[in-house]
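So the sequences go chain by chain: A and B.
If you read the first sequence in numbering that gives the first Met the number 0, its first letter stands for residue 0, the second for the next number, and so on.
If you read the second sequence in numbering that gives the first Met the number 0, its first letter stands for residue 0, the second for the next number, and so on.
The reader is advised that the hints may include incorrect statements.
When the alpha-carbon atoms are kept at most 20 Å apart in a straight line, the in silico SDA-like pairs for lysine to any residue are as follows [claimed, not checked]:
id, chain 1, residue 1, chain 2, residue 2
1, A, Lys-347, A, Ala-335
2, A, Lys-107, B, Arg-211
3, A, Lys-101, B, Pro-117
4, A, Lys-73, B, Phe-147
5, A, Lys-167, A, Glu-124
6, A, Lys-61, A, Ser-38
7, B, Lys-192, A, Met-90
8, A, Lys-73, B, Pro-117
Keep in mind the hints are simulated off the structure, nothing from the lab.
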Amino acid sequence: MATVTFDHVTKAYADGTIAVNELDLLIKDGEFLVLVGPSGCGKTTALRCLAGLEEITAGQIKIDARIVNRVPPKDRNIAMVFQSYALYPHMTVFDNLAFGLKLMKTPKQEIKRRVEEAAKILNLETLLERKPRALSGGQRQRVALGRAIVREPAAFLMDEPLSNLDAKLRVQTRAEILRLQRRLETTTVYVTHDQVEAMTMGDRIAVMNLGVLQQIGTPPELYDNPVNVFVAAFIGSPAMNFATAKADDGKLVLGGTTLHLSGEAAKAAAQNRGRDLLIGFRPEDLVLNGNGRADDVHIPAQIDVVEYLGHEELIHAQSEGHEIVALVPSEQKVQAGQEVKFAIQSNKLHVFDPETELNLTARG
Amino acid sequence: MATVDQAVRISAQTRSERLIRFITRTPIHFGLIAIAVIWLVPTVGLAITSFRKPNNIAATGWWHALTQWDWTLHNYGSVIHATGMGHAWVNSLIITLPATILPLTLGALAAFGFAWVPFPFRDTLFLAIIALMIVPIQTSLVPLLKLFRDWHLNSPHFGIGAFSFVGIWLAHTAFGLPLAVFLLRNFFITLPKDLIEAARMDGASNLAIFRRIVVPLSVPALASFAIFQFLWVWNDLLMALVFLAGQPDKAPMTVRIPYLLSTYGQEYNLLSAAAFLLMIVPLIVFFSLQRYFVQGLLAGSVKT
């Protein structure tokens with residue numbers, strides 16, 4: 000149980016690469032925080048700095064009130080789950096779990112009790128005498144988790160722990176990790192490049208790109224109110240549609256179509272009259288043929304491809320020179336080549352400044 | 000599994016496939032056998048000579064013993080009962096064991112540092128140590144001998160005779176270390192980084208990582224260096240001759256064996272039997288550890 004604070008943390012390598020740039024984060028006690036971003040965005044480096052495996056160049060990292068900048072990993076009282084699991088191949092599952100406790104000179108009885116308890120939680124009881132090479136991927140993953148929980152550390156650090164599992168097992172383990180974390184209420188920092196994992200697991204999500212923290216918030220906050228183009232494009236699947244349109248008083252001109260706006264979007268358009276703006280809208284917010292609401296914005300399009308997903312359909316369409324994607328209920332029968340009109344509520348439309356890439360319609 | 004699959008695959012081959020396989024493989028096998036024979040001939044000759052009578056050795060070549068049955072164990076009896084040979088065997092062990100264990104331990108510790116503990120000028124220092132492998136032993140014999148004499152490393156201390164071997168232990172250690180550091184560092188570096196870091200996160204100090212993770216996972220590399228060093232020291236004549244000169248009670252077998260000649264004249268029968276006795280210990284070491292030896296040589300080149 001602990002809070003973790005990143006205070007203007009910068010990590011620069013000898014060759015001048017800045018992996019993490021002025022990172023500020025406050026992770027609350029018992030919180031599940033997900034660090035997400037594309038590969039090379041600095042999320043793993045940030046985690047390794049917290050672990051003590053990398054030294055930071057500037058700033059401070061605190062666990063509770065203690066500054067740990069120069070504290071070696073073994074004295075930070077945190078546990079890490081590695082992407083490769085990193086199980087000790089020459090030790091049995093029991094010894095893998097007990098390794099940390101043995102080093103802390105925990106009494107034998109206590110080690111046995113805690114290892115057995117962890118094994119019970121993770122369903123490893125029957126595997127304790129096996130070596131890692133005799134385990135399946137999912138079992139190895141659970142041993143790696145077990146090694147972290149037996150030590151009852153102040154925080155768990157997880158570096159893409161699910162990326163070596165197959166898709167089905169990944170979904171299952173995702174729920175298991177969440178349940179475990181809720182039960183133990185241990186502060187957890189979880190690194191992933193998968194925004195679905197981030198959205199489903201995190202109490203809060205911190206989105207990083209090129210070493211810089213873009214936005215931190217709850218999953219709905221990031222989904223509804225992305226602060227910039229990067230977060231808007233990164234969060235959500237399928238990804239947000241973007242198109243360039245010219246701003247005018249209360250409206251945007253997209254090729255030959257005029258989008259009549261209301262609310263924040265109208266305000267943003269009015270303030271940037273005459274400029275080209277970037278508009279963004281989510282595939283799932285598009286409604287085929289509209290339902291006649293007053294604040295709807297209508298976008299005409301020609302359908303390219305329809306991907307049938309069962310419950311829903313993914314429609315790829317062309318609109319004023321932009322490719323747009325819509326996710327609609329599959330009972331609406333549409334075909335390639337058809338001319339349609341998509342409707343979207345004005346308040347679901349995001350308007351971005353193309354130069355700063357900031358969201359001009361961000362609410363709250 | 001793999002061997003079963005392979006067996007099934009081979010038996011499933013047609014006759015012509017097997018024939019082609021046999022024809023293409025045969026020259027390689029002949030080549031290998033030829034090389035093995037060429038290498039083995041002198042040793043086999045030595046072995047056979049050691050079982051022949053002195054007048055036979057003087058009269059005919061060793062291969063005649065293959066057709067004329069006239070073998071004897073007498074040579075071995077003479078060597079074993081010759082003065083000081085048992086003592087020399089013990090001396091060889093007293094010299095070889097510490098001179099193997101010391102560079103193995105020190106080399107492994109240093110190699111761990113070079114592989115996994117960051118410190119300034121690490122790679123430069125490592126290169127410098129590798130460069131030391133170039134130094135020929137002969138150039139350093141005289142300075143070392145002077146050093147040992149000044150520091151009294153060649154004489155007993157506290158009434159313990161083993162102390163007089165300190166000099167030769169240190170000399171063998173020093174000349175074994177560069178290879179040890181080189182070989183072991185290059186093996187250690189192939190251990191997965193995550194494993195070392197996981198141990199660090201689990202609260203392990205550098206020494207704990209070395210002892211509980213690195214050493215158990217590096218047995219093949221450690222064993223192969225141990226064999227190299229053991230064979231080298233056991234068979235060494237030059238260093239023993241120089242550093243233990245004038246102390247016949249401390250001479251190892253390699254130094255002692257030529258004395259057989261000076262005592263008895265041109266007696267090849269004794270020389271060959273003694274040489275064969277000398278070979279027995281390394282042969283035992285090699286065959287008991289050869290599984291690791293083969294693995295250890297592959298170590299680092301192929302990831303297992």
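These are the hints, each one checked on the structure:
Taking the CA atoms of A:Lys-347 and A:Ala-335, the gap is near 26 Å; set against the 20 Å cutoff, the hint is violated. A hinted pair counts as satisfied when its Cα atoms are at most 20 Å apart, and A:Lys-107 with B:Arg-211 qualifies at roughly 18 Å. With a C-alpha separation of about 26 Å, the suggested pairing of A:Lys-101 with B:Pro-117 is violated against the 20 Å cut-off. As the CA atoms of A:Lys-73 and B:Phe-147 are separated by approximately 43 Å, the hinted pair breaks the 20 Å bound.
A C-alpha spacing of about 23 Å is found between A:Lys-167 and A:Glu-124, which places the hinted pair above 20 Å, so the restraint is violated. Between the alpha carbons of A:Lys-61 and A:Ser-38 the distance comes to roughly 26 Å, so the proposed pair goes past 20 Å and is violated. In summary, the hint linking B:Lys-192 to A:Met-90 is supported, as the alpha carbons are separated by about 17 Å, within the 20 Å threshold. At roughly 16 Å between alpha-carbon atoms, A:Lys-73 and B:Pro-117 fall within 20 Å of each other, so this suggested pair holds.
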